[in-house]
Structures are given as structure tokens and as C-alpha cells.
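*Asks:* Taken in order, these protein sequences are the chains called A and B.
The first sequence begins at 1 in UniProt numbering and counts up one residue at a time.
The second sequence begins at 1 in UniProt numbering and counts up one residue at a time.
Accuracy of the hints is not assured; some may be wrong.
Stated by the list, open to error - The following label-pair restraints were derived from C-beta to C-beta distances:
(1) G245(A) with E193(B): 25 to 31 Å
(2) T106(A) with K4(B): 51 to 57 Å
(3) D45(B) with A439(A): 44 to 50 Å
If you are wondering where the hints come from, they were derived from the structure by calculation, not from laboratory data.
Idealized CB from N, CA, C, for every residue including glycine.
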Amino acid sequence: MQQFTRFFTDEQRVRIHEASLEILENVGLLVRNKKAREIFAKHGCEVDNQTTLVKIPRKIVEECRKSFVPTYTFTAQDPQYDVTLPGDRPVVVTGSSAPNIIDPITGEERRATSADIANIAYLINELPGFDVFSISTLAEDAPKGQFSLSRFYPALKNCKKPVRSNTPSIADLEQVLELGYLIAGSKEAYMERPFINHHYCPVVSPLTMDVESTEAVIYLTEMGLPVYGTIVPNAGMTSPMTMMGTLVLGNAEFLALATLIQLIRPGAPMIYAVLSTVADMRTGNYAPGAVETGILQMAHTEMARFYNVPSGGYIGLTNSHVNDAQSGYETGINTTAALCAGADLFNMGGLLGSLMAFDFAKAVIDNEIALMLKRIKRGMEFSEENMALDLIKQVGPGGSYMDLEHTMANMRTTAVLPKVANRDPRGRWEDMGRPDAHARALKEAKKILTKENPARFPAELDEKIRAHFPGIVAGDARWYE
Amino acid sequence: MSIKDIYQAVIDFNNAKVVELVKHELANGTDVSTILNDGLIAAMDEVGRLFSEGELFVPEMLRSAQAMKAGLDELKPLLAQSAAKSAGTIVIGTVKGDLHDIGKNLVAMMMEGAGFDVIDLGVDVDTEKFVKTAKEKNANVICMSALLTTTMPGMEEVIKAVKAQGLDIKTMVGGAPVTQEFANKIGADGYAEDAPGAVEKARELASA
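Kindly produce the complete structure, drawing on both the sequences and the hints.
*Replies:* Take a look at the structure:
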């Protein structure tokens with residue numbers, strides 16, 4: 001049994017839960033989506049259609065809690081890549097929906113395209129630290145009416161791991177699902193293994209549910225397809241300027257969304273996902289890289305365990321615009337803290353500038369951080385065999401372990417063998433032209449992306465898709481230059 | 001008591017005192033434009049400077065802007081008859097589909113602080129409402145904000161509508177995913193990276 005870092009006593013966790021219930025029952029939340037209001041009303045919530053205010057009595061929340069389930073599965077096109085929370089924790093996911101990319105040739109930030117998404121998808125497919133590809137960027141070259149298709153098609157074509165993202169409208173969502181049916185062979189086959197994983201942020205803090213994202217969550221939940229939401233309070237701006245106030249508000253918002261989902265389909269899997277932050281009040285700037293993001297993730301994770309649902313969120317983001325010390329320590333410290341508290345899901349990879357730009361080198365560095373997190377999770381692996389007492393007796397004082405069978409048997413698995421972290425002596429490093437972590441990581445990305453991608457669609461399927469969606473983007477991975 | 005006290009009360013974000021002092025100056029027959037420019041607006045310029053230097057935090061700036069506005073409300077009935085005029089009229093809101101209004105609120109506050117008449121349409125504003133309001137209120141600038149990358153296309157629709165109707169109204173865009181390049185592409189007249197920049201840009205556009 002693994003031990004997790006905790007901030008709260010059992011009594012304190014109950015108090016946080018009670019405080020959240022009090023918010024939902026007495027303060028309520030604005031629910032802009034009509035369908036959601038109808039669902040809340042039908043099950044006995046107090047609904048004012050004029051103001052859109054919904055108050056959720058505690059007994060309804062408590063009733064819904066009974067149908068919370070402890071696992072959540074991300075399904076992949078290739079079943080070998082399916083991952084389930086919390087068993088496969090830490091499940092590492094790319095950060096998503098940035099408008100920009102750092103061009104790997106010029107180093108300049110520019111709008112991202114569908115061709116970039118194809119390359120990123122291929123890279124994530126090949127980097128072992130990543131478990132889920134949440135489509136990292138938008139596609140500026142998307143033809144009219146194919147905003148989301150131009151993201152999901154290159155992603156699914158080049159990555160066999162679970163693909164995750166959102167859509168801005170039901171029309172886009174239906175188009176993306178249609179793509180899923182085509183790839184699966186039929187709607188029935190797709191419903192067996194729904195390999196498009198949906199995510200939305202339907203709650204706008206404080207205590208407001210929006211129209212479109214809420215609509216998508218309802219739609220998918222009714223269909224029995226996988227969907228979860230992230231709760232995003234920002235202390236000092238959209239939540240109180242204390243960690244506890246932000247936790248309680250965010251917890252109430254999670255419960256509101258969870259209640260809606262469970263009212264629609266009891267037993268629908270969920271993730272208690274957050275991106276709770278503290279704003280930099282000197283400027284009002286958004287600060288997802290701040291250490292408080294990690295601390296809040298730890299606290300939310302503790303509440304998720306109280307509810308017995310998988311936890312996680314956007315954790316390990318950075319505000320830095322380059323791969324420098326800041327981007328490393330912000331990602332490193334926050335993810336480590338979250339892992340030690342028991343978070344299951346880490347939306348952390350590849351983005352710079354607080355979710356604004358994808359960077360290939362950052363993705364490769366984050367892959368390495370992901371491998372380290374997974375190594376921490378493995379921990380010490382206590383066993384009599386691993387203590388190697390016989391070996392210690394056999395080698396004795398002053399001996400060497402270097403040429404032993406035991407060493408050879410374990411040397412490829414005991415330690416993370418990094419490709420970016422440099423361990424050369426200074427002279428050798430200088431001979432290589434003093435490459436920093438960014439340069440080494442970019443080289444690694446190029447090495448992967450200049451090879452042919454084995455993960456593409458078969459030609460016949462691709463023809464079928466292209467015929468079904470006239471004008472669809474090419475969606476092929478090809479290194480720049 | 002003097003204009004200097006009004007200036008200080010704005011910086012101290014003491015709404016009640018600003019109102020009291022403004023009333024007092026008006027009763028003394030002080031010129032409305034002097035109260036506005038040397039008292040209220042000058043104070044907000046100083047607040048902006050202190051904010052840029054990191055001495056004042058965002059909430060302090062907001063509270064000063066609110067105090068300034070309280071004073072401005074006292075002057076408003078008289079402004080129409082005086083030589084003093086508003087810096088311009090701004091119509092502002094977040095675009096269709098976007099409920100994220102923190103940045104927009106900050107910009108609206110700072111613009112009020114800079115002496116603009118600000119008509120805040122709130123969140124999730126559609127093209128028609130932006131254009132209709134701007135026409136009715138004879139606005140100089142329409143300011144649009146988006147946080148979600150997926151709602152940004154709404155900005156282009158508004159700009160297209162303004163141009164299609166041949167209106168003499170400038171357009172400005174902002175929000176985390178918005179860039180100068182994007183603003184150029186969709187034909188916006190202005191873009192700013194942050195709230196103080198937005199005020200400067202609005203001044204430029206309104207006086208053009």
C-alpha cells in the first residue's frame with residue numbers, strides 16, 4: 001500500500017466537503033445551459049430560469065455520490081495503449097489546445113497548423129513517457145466547417161495512443177465522432193472501443209456553468225461516451241485569495257459537475273480534474289507554473305480520494321516562454337508534489353508560456369520528467385530479493401559489483417536512462433558545442449520525426465476518410481526544412 | 001481642501017471622500033474640467049505609474065478606478081454643459097461563447113479610469129449586439145475579448161459587420177490567445193497585450 005502526502009485530518013476533509021455542500025445548497029450556481037437546468041430541476045434542485053441560478057440540495061449531491069466510480073479508462077485505437085486510472089498512475093498527458101507553436105527551425109512563435117499536429121502526434125506516439133495525446137494545438141489552416149476535424153484527423157492518423165481533446169460546438173463534436181465511426185468501421189464498433197476521449201471545462205469560476213461545453217458534456221454522457229471536466233478557479237480573481245477558499249470553491253464546482261453527470265447517467269466514470277491556481281496579483285497575470293498550483297492539486301487530490309474518484313489535472317505547466325531553468329523547475333516541482341499526494345493524471349506535456357505555445361523540445365524534456373515521475377511511483381520495490389543480501393555477502397568488503405550477472409540483469413531497468421539530461425564530463429560536452437537541454441531535446445525530436453511514421457492509417461481507410469470529408473487537411477507527419 | 005486632496009483620495013481609493021471632495025469643489029465653483037483632469041484623471045495616471053512599477057497591485061488599481069468613477073458620476077450631469085469632454089466612448093464585451101471576463105473587466109475599469117465612457121456589454125456578446133450598441137451610443141471603439149482559443153473567430157465576425165455597414169467605428173481585440181498578428185489578419189484596428197496597453201491604444205484610436 002502506497003502512502004500519500006496529506007494536508008488534512010479526516011475531520012478536516014469532512015468539513016471541506018460540508019462547506020462545499022453549503023455553497024451548492026445556499027449560494028448555488030449559474031447554469032447558462034437550459035438542458036442542464038432542466039436536468040437539475042427534474043431531480044429536485046431549486047431552479048430559477050430567469051436568473052439561471054440553480055441550488056443543489058445536499059441530499060441530491062449525496063445521492064449522486066453513491067454512483068461515483070473509482071476508475072476511468074482512456075481507450076486507444078490500439079488496445080495495447082489503453083490506460084486506466086488509478087491503476088496505471090501516473091498517467092501522463094500532453095497539454096492541449098495552444099494556438100501557437102515554437103517553429104523548430106526558426107525558433108519563432110507562430111500559429112500552429114494541422115501539419116504541426118501530425119508531427120506532434122507522431123512524436124507523442126513515440127515518446128514512452130506519454131500515455132495520452134491531448135491534441136496540443138489548434139490548426140490555423142483548418143478549412144471552413146472543419147475546425148475540429150482538422151485537429152482530430154492528423155492526431156488519430158499519427159498516434160495510436162488515446163487521443164483526447166474538446167470541440168467548440170455540437171456540430172464539430174458530431175463530425176469528430178463521425179470520423180471515429182469511419183476509423184472503427186462502424187458506429188457499433190466505435191461504441192465498443194470509443195478511442196476519442198473528450199474533455200471540457202464547463203464550469204467557469206466562480207460557480208457558473210457555460211452553454212456550449214456543458215451541452216457537450218450532457219450530449220456525451222447521454223451517449224455513454226467518455227467525458228470529464230476540469231475545474232479552473234484562479235485565486236484572487238475568480239476564487240478567494242486563500243488556498244482553502246479556492247479549494248472549497250473548486251471542490252463545490254467539481255461536485256456540481258459530478259452531480260449533473262451522475263443525474264444523467266449514474267455510474268458514468270469521471271476524473272476529479274483541476275487547474276486551480278493563484279493569480280499573480282502584482283499584475284493579474286495567470287500563473288499556472290506557480291508552486292501554489294501544485295499545492296492546490298495536492299489538496300484536490302486528497303478530496304478526490306475522499307470521494308473515491310481518480311484525480312489529476314493540468315499539473316506541471318510553466319509560464320516560461322523558453323526551455324530554461326524556470327520551465328524545468330515549474331514542471332518538476334509541481335508534478336512531483338502532485339505525485340507524492342497521489343494524483344493520477346498529469347496534463348503536463350509540451351507547452352510553454354502558460355498554455356500558449358507548443359514546443360517540440362519541451363515535449364521531449366517533459367517525456368523525461370514523465371519517466372522520472374513514473375520511476376518515483378515505482379519507488380524502492382521492497383523485497384528480500386531486491387535487498388540482495390546474499391550478493392552483499394558474496395562480494396564482501398572491498399569487492400566490485402560492476403561485472404556481475406546481477407548488475408547486468410538490473411542495469412537497464414533500475415534507473416531512468418535519460419536522453420536529454422547530460423552526464424558527460426565537461427570536456428566532452430564542450431567538444432559537442434556546449435548544447436543545453438533545449439538543444440539536446442530538439443535533436444531528439446528531430447531524430448524521431450525524420451523517420452517514417454509507422455502509425456498511419458492504412459491507405460484504404462485513409463481514402464475512405466478523405467472521400468467522406470472533402471477538402472480535409474493532409475494530416476501527414478513530415479519534419480520541417 | 002483642494003484638487004490635490006481629490007487626487008490623493010483617488011490614490012487612497014476612498015470613494016466616500018472622493019465624492020465629498022468633488023461636491024465641495026463644485027460648490028466652490030471650481031471648473032468641472034479642472035476637477036476631472038487635475039484631480040481624477042491625474043490621479044489615475046499616477047496609479048497607472050505606480051502599478052507599472054510594481055508598487056500597486058491589481059486590486060488596489062481597481063479600487064482606485066472605482067473611486068475615480070464615483071467622483072466622475074458626480075461630474076457627469078455637468079460635463080455635458082462644460083468644455084470638458086470624455087476621452088471617447090467604448091463598447092466592450094467578451095465575444096460569443098466566451099464567459100471569461102476577468103481581463104475584460106480590468107480593461108473596462110482602466111478605461112473608465114482614463115476618462116472614457118465605457119459601455120460594458122458583459123459576456124457572451126454576439127455580433128449584432130456589439131454593432132447595434134456601438135451605433136446607438138455613437139461609440140469610437142468596440143473592444144472585444146476572448147480567452148478561449150475556440151471563440152476567437154467571433155472577433156472577425158464583428159469586424160466584418162462593422163466594415164460591411166461602413167461604420168466609422170474602430171475595433172480593438174485582446175485576450176490571452178490573441179496576438180498582434182491575429183489582430184492584423186482579421187483586420188482589427190488595435191491590439192494590446194495588457195490592460196494598460198489597451199488604454200493607450202484606445203486613446204490613440206479614439207483621437208484618430
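*Asks:* Compare the structure with each hint and give your call.
*Replies:* Do the hints match the structure? See the list:
no. : hint                             : verdict
1   : G245(A) with E193(B): 25 to 31 Å : 30 Å, holds
2   : T106(A) with K4(B): 51 to 57 Å   : 53 Å, holds
3   : D45(B) with A439(A): 44 to 50 Å  : 46 Å, holds
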